[in-house]
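Protein chains in written order, with this note's numbering: chain A, 1 to 390; chain B, 1 to 333; chain C, 1 to 287.
Take the hints with a grain of salt, since some may be wrong.
[Stated by the list, open to error] To list a few chain B residues with every Cβ distance to chain A over 10 Å, as calculated:
{"#": "1", "residue": "172"}
{"#": "2", "residue": "212"}
{"#": "3", "residue": "301"}
[What the hints assert, rightly or not] Coverage of chain B stretches by chain A, computed from C-beta distances (three or more under 8 Å per stretch; other residues unrestricted):
{"#": "4", "stretch": "58 to 66"}
{"#": "5", "stretch": "155 to 166"}
{"#": "6", "stretch": "178 to 191"}
I should point out that these hints are in silico values taken from the structure, not numbers from a laboratory.
Idealized CB from N, CA, C, for every residue including glycine.
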Amino acid sequence: MKKLLLGAVAALALCGSAYADTIKIGVVGPFSGPFAIQGKNFKAGIDAYMALNGSKIGDDDIEIVYRDVPQADPAQSKALAQELVVKEGVQYLAGFYFTPDAMAVTPLLKQANVPLVVMNAATSAIVTKSPLIVRTSFTTWQTSAPMAKVAKERGVKKVITVVSDYGPGVDAENAFKTTFTAEGGEVVDSIRMPLSTNDFSPIMQRVKDSGADALFAFLPSGPTTLGFVKAYNDNGLKSAGVQFLAPGDLTQESDLPALGASAEGLLTTFHYAVSHDSAENKKFVEAAQKAIGTPAELSFPSVGAYDGMHVIYKMIEATGGKQDAQKAVDAVKGLAWESPRGPVSIDPESRHMTQNIYLREVAKADDGTYYNKEIVTFEKQGDPGLAAAK
Amino acid sequence: MAALETTSPTAKATSSPNRLLRDLAGLAVILIVAAIGFLLFPNNLALLTRITAIALLVLSLDLVTGYCGIATLGHAALFGAGAYAAGIAAAHFDINDPIAMVAIGALGGAVAGLVSGAVILRGHGLAQLVLSIAVVHLFHEIANKASEWTGGSDGLSGISPDPVFGVFEFDLWGHTAYGFGIALLVIVFMLLRILVRSPFGMLCRGIKEDPIRVSAMGASVQGTLLRMYVISGAVAGIGGALNAISTQVVGLDSLSFTTSAESLVMLVLGGTGSLFGALIGTVSFMVFKDFVSAVNPFHWLTIVGALLIAVVLFAPKGLYGTAAQLLNRSRRQ
Amino acid sequence: MQTVFSVGTDALAYGMVLFVISIGLSVTMGLMRVVNLAHGAFAMIGGYIASYAAQTLGFGYAAAILIAVVGTIIIAIPVERFLYRRIYGAPELTQVLMTIGITFCVIGIANYVFGPTLKTIPLPDTLRGPVDLGFRSIAAHKLFAIACGVVVAGGLWFLIEKTPFGVKLRASVDNAAMAASLGVRTKIVYAVSFAVAVGLAAFGGIVGAELLPIEPYYALRYMVTFLVVVSVGGAGSIPGALLACLVLGGIDTTGRYLLPEYGEFFFYLAVIAIVCTFPRGLLGRKK
């Protein structure tokens, strides 16, 4: 009898799942090409969230459809997003590592009745392009501005900024300059160098000649950071006591094994460190490292993706699986929760994340590897970039 | 475009009915393929529109590489110039009529063609390749620097084209963009068919075969090539404008070395020196790339690389060239 | 004055690193007439092998270099035999297509085998850290790169100009049919030169790894730089490549010191100016 009952329950359950809807989420990111590691991190964050929270909401199955845009390529990004919406019938768009790729999708959202959850792209203005955008990553302004306060507190008077000459680099420069000047500091020189710069020795020479006490730098995470940090050491700036300050893109965890000893002691401000000490983060890191395969490759985009999934799950719950983009976005305005990076909330006004920004120092762990050690917390930081743009 | 108009009447005179038939057949093939694409993939029209825009770029590259023998790895400069010209006109000057945008794109491309042609034509062989690379990098850097106008690396957004003829709106499903793109492609293709058969087109082919002899005949080699470069720029610019209109965003990637190299790969894949080769190369490369990267984004580069090697080994004249060769051989037998 | 010396030293060091990495390409392009866009791919293979040998297997720096150079040549032999031999004398576009294909494959495979992260080749203690030159300090590995550049330039010049092999090579390049009828086994000469070029690429990849770090997209990222150096110098000319590297290194470094914002403009405008004035490169061989 019991067996029969069980069988009946199982059959019912099967029927249930057969009739339930499948809700599709389209994720666009760099899954091949030079930035493939960041796309891998998107996937790891998403997989980790679904491993911990299940792939079902109520009766509805959640399915992720991935699309690859290897480099910033808005035309391709838009074509794929359109395909996701029209052909795959996705109810949510998510991912987006590069700003122009996210920008290209914004005109689609209203007509498609689809919310966009940005999991990385860090230019402040994206969220203003459509009321259906929520961002769960950070902005360059958000992570750079606190560094100016750090510099001030540490008694730094004169700073030289050195950034890569493209959107995010210029953002970082402006963020630091504005905040540091407001704090009463002086930016003695601002250098913008082409993205393709390989030899940073002449730049370091400029830094030395400027007589600054500290160097504020922004480079996109990836190969050039290695040469930059080495040039800082090799040209005797470190030994001359010029402090190195940067947002955390420069010391992302997946680059640290290569940077190694040369990065030790660098100060960065960022929204997430894999080493963040909390129960929530331990759970996340364990699941995400399993998902990514090679633990050393885990880095910041994974947490943006993880929290992005959290937001999407809440949206699906709020709409009961029905496609209603405005209702979905409204439902998460003001949403607050404990993320692996610490306490976060969605600012109802800008639909961007309010979160802690941490000052970290690259330190050597007991096992000889290097990690970002959080030493100071700036609580509940909004995005100063939006205010500055107005 | 002026050159194009002046040469077209003579072209008509020389074209035999057989050629006209082939032109019409070619036109029919394009339209049939476009229709099949529309029917088979009604939900992938954005991708098909993108292929159409790239096809215009590859056609324009064929004009200088296939018909004039100029080796360039910088042709995206013309495409991007067209895209930015159309985009800036829409975003900053409120010129939102799609046809006007295409005209501005063609103009922008033609000017870029004049500038880059003037530089690139000063070298030969390797030097030419390197000059073209330098030119595309300079264009890229200028667009990056002029972020007030171009949006820099964030991309130029805020382009919202009006409906075509005030009737057909650019919608989510991309019907209008696709139709608009195919119409542009067909018009350009027919004009180019006339162009390459005109005395001017013949002169270009002659220069490719033997520039010394052509100059001995009294024709200006540099002047002819530069004119072709300007025409090529206009065609690439139309492609760029189409891209700007259908995407509504223009990114720095449209001016990049990577796009240039990819378009060259597509052209050589299809077969240089034939407009059909350019189209076949574009369609097969883009479809193959899309298919492979959807199936396995992590390994598509290896597979594309293997495909390129296979083409060199087994179809050295490109897909179209080799197919045509095989066809000819079987006919003779 | 001190600044001038300082920037000059940087320029010299950067130029020599460029030289060590690019000279192999000058050999393939100038002497074998192959537009070898896969040059960076071989440099990258060398870097990966060296990194693997040093990091995972625990070999010393010198041993790692040796293993990497030999290993890269071994990998390159079948590639030359089955792929390159088909494109000797082919039109440039065909060569471009084939070598881009090879580059894509190498990138894909490297990405699969070694993962997308940066790889480093640990330097021995003697090459690590700054050396004081009196007026400034400079990284020891840069001095090492300068020394390598000088040795490579001298060695190659000797090989091509002074040895019987060099005579055969130049003969095969100028007129393969005539050389073959005089008893030169051109296929072997080509294979050996290819091996030398690939070995140099691998060596350059390792020595330059401090400036151009090893990662899967290395092969594409620096492809343009290598091409530019070779064409500015004049394909096949060793003194030309040396001169080109010093000139370009000088322009690049000075530009980056004085006006970093416009560094890219300086570099490419200079390239256009030089290539337009010297279409065969600074010291290119006349046909």
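Consistency of the hints with the structure:
Its closest Cβ contact with chain A, about 4 Å, brings residue 172/B to no more than 10 Å, contrary to its assignment away from the interface. Once the 10 Å rule is applied to beta carbons, residue 212/B is consistent with being away from chain A; the minimum gap is 39 Å. For residue 301/B, the non-interface assignment is contradicted: its Cβ lies about 6 Å from the closest Cβ of chain A, within the 10 Å cut-off. Look at the stretch 58 to 66 of chain B against chain A: 0 of its residues bring a Cβ nearer than 8 Å to a Cβ of that chain, fewer than three, so the hint is violated.
With a cut-off of 8 Å between beta carbons, the stretch 155 to 166 of chain B has 3 residues touching chain A; three or more are needed, and the interface restraint holds. Note: the stretch 178 to 191 of chain B has 0 residues with beta-carbon separation from chain A under 8 Å; the three-residue rule is not met and the coverage is violated.
In terms of the numbered hints stated before, the structure departs from hints 1, 3, 4, 6, listed from lowest to highest.
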